[in-house]
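Visitor: Here is what each chain is made of, one letter per residue.
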Amino acid sequence: MSVTTRRTRLAAAALAAITAVSGLAACGNDDDKPAAGEKPAKLVVDTFGEMGYDELVKQYEKDTGIKVELRKTAQLGEYRPKLVRYLATGKGAADVTALEEGILNEFKPNARNWADLSPLVADHSKEYLPWKWELGKAPDGRLIGLPTDVGSLAVCYRKDLFQAAGLPAERDQVSALWPDWKGFHDAGLKYKQGSGGKAFIDSITAVSNGVLFQGNGDLFYDKEDNIIADTSPAVKNAWDTATSMADISAKASTWSPEWSGGFKQGTFAATFCPSWMLGIVSDNSGPANKGKWDVASVPGGGGNWGGSWLAVPAQSKYPKEAAKLAEYLTNAKSQVEAFKLKGPLPTNLEALKNDAFLSYTNEYFSNAPTGKIFGESVAKIQPIHLGPKHQAVKENALEPALRAFENGQADKAKAWEQFTKDAKTQGAF
Amino acid sequence: MSLSATTARPSPAAPPSPDVDRRRRRGRLLNRLDVKYSPYLYIAPFFLIFGIFGLYPMLRTAWMSLHDWDMIGEHTFIGFDNYTRLVSDEYFWNALVNTFGIFALSTIPQLLLALFLANLLNRSLLRAKTFFRMAIFMPNVVSVAAVAIVFGMLFQREFGLFNWLLSFVGVDPVDWDGHRWSSWTAISSMVNWRWTGYNTLILLAGMQAIPKDLYEAAEIDGASPWRQFWQITLPMLKPTFIFVVILSTIGGMQLFTEPLLFGNGNIIGGNQREFQTLAMYMYEMGIVNLNTAGYGAAVAWAIFMIIIVVSLFNFLLVRRSAK
Chain A
1 MSVTTRRTRL
11 AAAALAAITA
21 VSGLAACGND
31 DDKPAAGEKP
41 AKLVVDTFGE
51 MGYDELVKQY
61 EKDTGIKVEL
71 RKTAQLGEYR
81 PKLVRYLATG
91 KGAADVTALE
101 EGILNEFKPN
111 ARNWADLSPL
121 VADHSKEYLP
131 WKWELGKAPD
141 GRLIGLPTDV
151 GSLAVCYRKD
161 LFQAAGLPAE
171 RDQVSALWPD
181 WKGFHDAGLK
191 YKQGSGGKAF
201 IDSITAVSNG
211 VLFQGNGDLF
221 YDKEDNIIAD
231 TSPAVKNAWD
241 TATSMADISA
251 KASTWSPEWS
261 GGFKQGTFAA
271 TFCPSWMLGI
281 VSDNSGPANK
291 GKWDVASVPG
301 GGGNWGGSWL
311 AVPAQSKYPK
321 EAAKLAEYLT
331 NAKSQVEAFK
341 LKGPLPTNLE
351 ALKNDAFLSY
361 TNEYFSNAPT
371 GKIFGESVAK
381 IQPIHLGPKH
391 QAVKENALEP
401 ALRAFENGQA
411 DKAKAWEQFT
421 KDAKTQGAF
Chain B
1 MSLSATTARP
11 SPAAPPSPDV
21 DRRRRRGRLL
31 NRLDVKYSPY
41 LYIAPFFLIF
51 GIFGLYPMLR
61 TAWMSLHDWD
71 MIGEHTFIGF
81 DNYTRLVSDE
91 YFWNALVNTF
101 GIFALSTIPQ
111 LLLALFLANL
121 LNRSLLRAKT
131 FFRMAIFMPN
141 VVSVAAVAIV
151 FGMLFQREFG
161 LFNWLLSFVG
171 VDPVDWDGHR
181 WSSWTAISSM
191 VNWRWTGYNT
201 LILLAGMQAI
211 PKDLYEAAEI
221 DGASPWRQFW
231 QITLPMLKPT
241 FIFVVILSTI
251 GGMQLFTEPL
261 LFGNGNIIGG
271 NQREFQTLAM
281 YMYEMGIVNL
291 NTAGYGAAVA
301 WAIFMIIIVV
311 SLFNFLLVRR
321 SAK
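As given, the protein sequences belong to chains A and B, one line each in that order. Residues 1 to 429, numbered by full-length UniProt numbering, are exactly what the first sequence covers, in order. Residues 1 to 323, numbered by full-length UniProt numbering, are exactly what the second sequence covers, in order.
Do not rely on the hints blindly, as some may be mistaken.
To be verified - In silico SDA-like cross-links for lysine to any residue, where the CA-CA straight-line distance does not exceed 20 angstroms: (1) A:LYS82 to B:LYS212; (2) B:LYS212 to B:THR233; (3) A:LYS223 to A:ASN110; (4) B:LYS36 to B:VAL20; (5) A:LYS159 to A:ALA169; (6) A:LYS424 to B:PHE92; (7) A:LYS324 to A:GLU69; (8) A:LYS414 to B:HIS179; (9) A:LYS264 to B:SER88; (10) A:LYS421 to B:SER88.
Hints listed in this document are in silico derivations from the structure and should not be mistaken for laboratory results.
The task is simple: from the sequences and hints, build the whole structure.
Guide: Next comes the structure, spelled out in structure tokens:
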């Protein structure tokens with residue numbers, strides 16, 4: 001036997017070992033599909049943040065005898081890569097998966113990764129906020145998500161600072177200050193004058209967030225998912241409204257250290273609060289500012305920022321039972337229970353009318369009737385089409401351009417140019 | 001050890017039985033196999049692990065870069081289209097400029113400072129040597145995320161320490177992440193803080209390997225310490241120095257965490273991509289945007305190529321200096 005053949009043999013053996021190892025990893029638990037009608041022993045639910053399903057899941061176990069494993073991930077930033085991995089490799093996904101707005105839209109072009117729920121559950125289309133229900137559908141008409149919660153929009157404002165600057169402080173009067181965005185800007189200017197030049201809102205991107213969802217008509221995409229960011233009147237309106245607020249802005253973009261620090265320092269007197277933001281506002285402001293914040297309605301009526309759906313991955317072995325579980329978790333009763341436990345806002349019309357929900361007040365925010373305020377805000381939203389890369393266009397094209405304008409890095413025309421250019425690349429899919 | 005033991009010979013024995021003979025032959029064979037193949041076996045774990053976690057992902061990335069690859073959807077073969085797109089991609093070149101800019105701002109002052117510190121630590125008169133050597137290495141042990149978060153706070157616009165200090169000398173608050181120069185400075189300062197000590201220690205080791213008699217001879221000839229540094233230390237240190245430069249180059253080209261956390265985790269690195277590095281651009285295209293994973297893979301290979309080119313350049317410098 002020559003040396004070279006021995007070497008090649010050795011190499012071949014090593015290669016075989018490698019393939020054996022990787023092969024082992026590749027086909028670890030590829031069990032066969034269960035026979036139809038077989039009851040699963042266990043269903044897995046993937047959620048992020050706090051969706052308030054802990055008690056509901058226990059109840060479901062009791063009712064059906066199916067064990068439910070609730071896998072929670074705290075941060076959306078960790079949750080998304082996990083989902084992508086499950087879908088890319090075709091294994092590991094839970095039977096019921098919570099999808100946040102941005103993720104859902106991004107996953108829609110590849111709707112085949114998700115089970116079509118419409119044949120699996122009863123027709124609930126009339127039971128939810130119409131715009132929310134529509135967003136759960138893929139472009140090809142498949143129903144891939146059942147609505148869970150919304151990020152209904154309101155305005156959080158500092159009563160004490162308003163008062164000191166000579167503005168009304170009572171929440172109904174404050175809401176009456178700004179029936180529209182012009183009124184909001186006027187109030188901001190008045191505040192600036194009365195407070196000796198202090199900023200009124202945190203940033204202009206918070207404004208654009210608020211205006212976008214009030215847009216009648218398509219935003220970054222048309223119904224056929226063509227990018228129309230540069231010509232869409234709704235986007236232009238959001239842009240103009242946001243840029244007009246630069247003179248009353250503290251230039252502290254959401255999540256920046258300037259922003260979180262600004263709550264305590266009173267750098268700004270008002271910010272746009274989706275329902276899930278209340279906890280963040282109170283955490284950032286600290287116990288010392290308890291009772292100084294209040295909640296008023298958003299200019300121009302309703303608004304939304306965030307919110308989720310429950311979907312069933314196509315790789316689930318028990319799509320039928322998983323769909324049943326998703327149906328149960330999103331029904332009116334469950335949504336009220338989840339709201340009581342962790343606070344996600346209902347999307348089910350019946351739940352939105354529920355007394356427990358409507359009578360809910362928030363102690364930190366001067367006992368504002370947040371249930372009622374947020375409930376009214378989402379009811380006014382018109383059905384809206386968000387394209388596949390809506391989130392990316394908003395976060396990586398629109399908002400950076402707005403901030404560049406706000407910080408004086410670019411004038412209005414240059415910033416708009418930056419936005420339309422980036423929207424094309426960010427929005428391509 | 002007694003001498004007799006080594007000189008003692010086995011007494012001539014009767015011809016071995018066929019059984020013993022076979023055993024002995026097998027022993028010899030095993031011995032030969034051991035000598036021949038054991039080394040391969042010893043280094044096999046490295047190559048196995050490198051193959052699985054190093055080589056395979058690299059080849060896979062190369063394969064991906066030839067596709068229009070959607071992470072959760074279709075893969076279409078498009079040949080070298082991703083690479084041609086890369087050449088005319090404004091944001092790729094922007095990231096390249098940022099990477100080299102931050103690299104220059106962080107490597108040049110850092111190595112000069114490291115050289116200076118190493119020279120100080122190399123003084124024979126210095127007391128508490130071990131303490132200083134340990135202390136100077138400390139920043140490198142701190143987690144990069146912690147460094148980035150603390151520096152992010154120091155460089156804040158409203159409540160940051162640096163703007164507060166600047167206010168005493170009458171400088172207006174700087175919007176650190178709003179300009180190229182300021183964001184590069186801030187990010188470079190993090191890199192410098194973390195890696196100066198590390199490079200100092202490597203250079204120090206290089207300095208200690210220089211024979212002492214060279215210095216003694218120079219001293220007798222009346223050369224000043226400054227002259228000794230220029231004419232003995234620096235030339236003798238050249239190989240170590242080049243090694244340090246190569247390490248810094250690889251680190252600098254892959255800079256990711258510092259700029260990412262400096263920009264509050266925004267992958268585009270500043271409102272106008274003022275401090276988006278190549279690694280961040282790769283991550284944006286390859287991981288964040290699900291549908292451009294193939295393009296991201298092409299960016300990854302471009303980074304790999306750039307590192308090779310820069311390292312080759314360094315290698316040529318070493319060869320020349322060795323001659």
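Visitor: Does A:LYS82 pair with B:LYS212 here, judged by a C-alpha cut-off of 20 angstroms?
Guide: With Cα atoms ~58 angstroms apart, A:LYS82 and B:LYS212 exceed 20 angstroms; violated.
Visitor: Are A:LYS324 and A:GLU69 close enough, with their CA atoms no more than 20 angstroms apart?
Guide: 15 angstroms, holds
Visitor: Is A:LYS421 close enough to B:SER88, meaning Cα to Cα at most 20 angstroms?
Guide: Distance of about 15 angstroms is within 20 angstroms: holds.
Visitor: Straight-line Cα separation of B:LYS36 and B:VAL20 no greater than 20 angstroms?
Guide: The given pair, whose Cα atoms are some 24 angstroms apart, is violated under the 20 angstroms limit.
Visitor: Compare the distance between the alpha carbons of A:LYS264 and B:SER88 with 20 angstroms, and conclude whether the hinted pair is satisfied.
Guide: 46 angstroms, violated
Visitor: Would you check the hint for A:LYS414 and B:HIS179, treating anything up to 20 angstroms between C-alpha atoms as holding?
Guide: Holds, at about 16 angstroms.
Visitor: When you check the alpha-carbon spacing of A:LYS159 and A:ALA169, does it fall within 20 angstroms?
Guide: 5 angstroms, holds
Visitor: Could you grab the alpha-carbon distance between B:LYS212 and B:THR233 and see if it respects the 20 angstroms cut-off?
Guide: Given that 20 angstroms is the threshold and the Cα spacing comes to 11 angstroms, the pair holds.
Visitor: Starting from A:LYS223, check that the Cα of A:ASN110 is at most 20 angstroms away, please.
Guide: Cα-Cα ~17 angstroms, so holds.
Visitor: Quick one, are A:LYS424 and B:PHE92 close enough, alpha carbons at most 20 angstroms?
Guide: Between A:LYS424 and B:PHE92 the Cα gap is close to 16 angstroms, so the pair holds against 20 angstroms.
In summary, the structure is inconsistent with hints 1, 4 and 9 from the numbered list given earlier, while agreeing with the others.
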